[in-house]
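Undergrad: Sequence:
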Amino acid sequence: MTATSAALTPPADAIPPVRHPDAPAPGEPLGAHYEYCFGCGGGQPHGLHLEARAGEGVTVTAEFTVTPDHQGAPGLAHGGVLATALDETLGSLNWLLRVIAVTGRLETDFVRPVPVGTVLHLRAAVTAVHGRKIFSTAVGRIGGPEGPVAVRAEALFIEVKVDHFIDNGRPEEIQAAMSDPDQVRRARAFEVNP
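Offset between the sequence shown (1-based) and the working numbering: plus 1148.
Hint data in this document are derived by calculation from the structure and do not stem from the laboratory. Take these hints with a grain of salt, some might be off.
Computed spacing ranges between beta-carbons, pair by pair [to be verified]:
id	residue 1	residue 2	range
1	D1161	P1216	39 to 49 Å
2	E1204	G1295	28 to 38 Å
3	V1308	D1170	11 to 21 Å
4	G1220	G1295	18 to 28 Å
5	A1162	E1320	36 to 46 Å
6	E1321	G1292	34 to 44 Å
7	V1297	E1321	31 to 41 Å
8	G1220	D1161	32 to 42 Å
9	P1319	P1174	33 to 43 Å
Simulated crosslink set (SDA-like; lysine to any residue; CA at most 25 Å straight-line) [as the list claims (entries may be wrong)]:
id	residue 1	residue 2
10	K1281	P1174
11	K1309	R1253
12	K1309	V1166
Cβ coordinates follow ideal geometry from the N, Cα and C atoms, glycine included.
Working from the sequences, and respecting the hints, build out all of it.
TA: This is the structure we're talking about:
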């Protein structure tokens, strides 16, 4: 990041993140948090189909392949799609904390173009927690997990109650998610973004 805004700087009394004891084990796939999520859902034909895995501590890794559906300029990923990939990866961190949180602020740096056909390798980490605020960072690389940086972000997530989604989402989708007999999938449906 070239300069971090004050909103993304944890206060002096912020605490280090603590991985929840029931969080998925390192290396375990996290799966889609919701079937129709543009970022990770399998039910979105033009979505990112991002695949995230739990990392060590409070980190996740993820990958997605840039397809022709994700273009902005001819042959290159759209910047908004890359920001979505970062946001989705950052949002997956909340599953390791076992909280429901939404993006409050996301600042993204675009370092180099990402061509169609590229597999973007993403890594995100929670850096601090302060009350309901969760501070985190992410980086996306091309050519492999150690490849050149293409995009990076800093984010602030805000912990919310499930009522945030119930009160604001479309009733038919909310009811479908709430009716899922799989408790894990039901909880995960409400983990990321408004």
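Undergrad: Hint by hint, note whether the structure agrees.
TA: The hints, checked one at a time:
1. Look at D1161 against P1216: about 48 Å separates their beta carbons, and that is inside 39 to 49 Å.
2. The hinted window of 28 to 38 Å between E1204 and G1295 is violated, with their beta carbons roughly 20 Å apart.
3. With their beta carbons about 20 Å apart, V1308 and D1170 fall inside the hinted range of 11 to 21 Å.
4. In this structure the supplied range 18 to 28 Å holds for G1220 paired with G1295, their Cβ-Cβ distance being about 21 Å.
5. With their beta carbons about 39 Å apart, A1162 and E1320 fall inside the hinted range of 36 to 46 Å.
6. Against the hinted window of 34 to 44 Å, the Cβ-Cβ separation of E1321 and G1292 comes to about 37 Å, which satisfies the hint.
7. Hint check: V1297 to E1321, Cβ distance near 36 Å, so the stated range 31 to 41 Å holds.
8. The hinted window of 32 to 42 Å between G1220 and D1161 holds, with their beta carbons roughly 41 Å apart.
9. A beta carbon spacing of about 38 Å between P1319 and P1174 agrees with the range 33 to 43 Å that was offered as a hint.
10. Using a Cα cut-off of 25 Å, the hinted pair K1281 and P1174 holds, with the two alpha carbons roughly 24 Å apart.
11. As the CA atoms of K1309 and R1253 are separated by approximately 18 Å, the hinted pair is consistent with the 25 Å bound.
12. Only pairs whose Cα atoms come within 25 Å are accepted, and K1309 paired with V1166 is accepted, the gap being roughly 20 Å.
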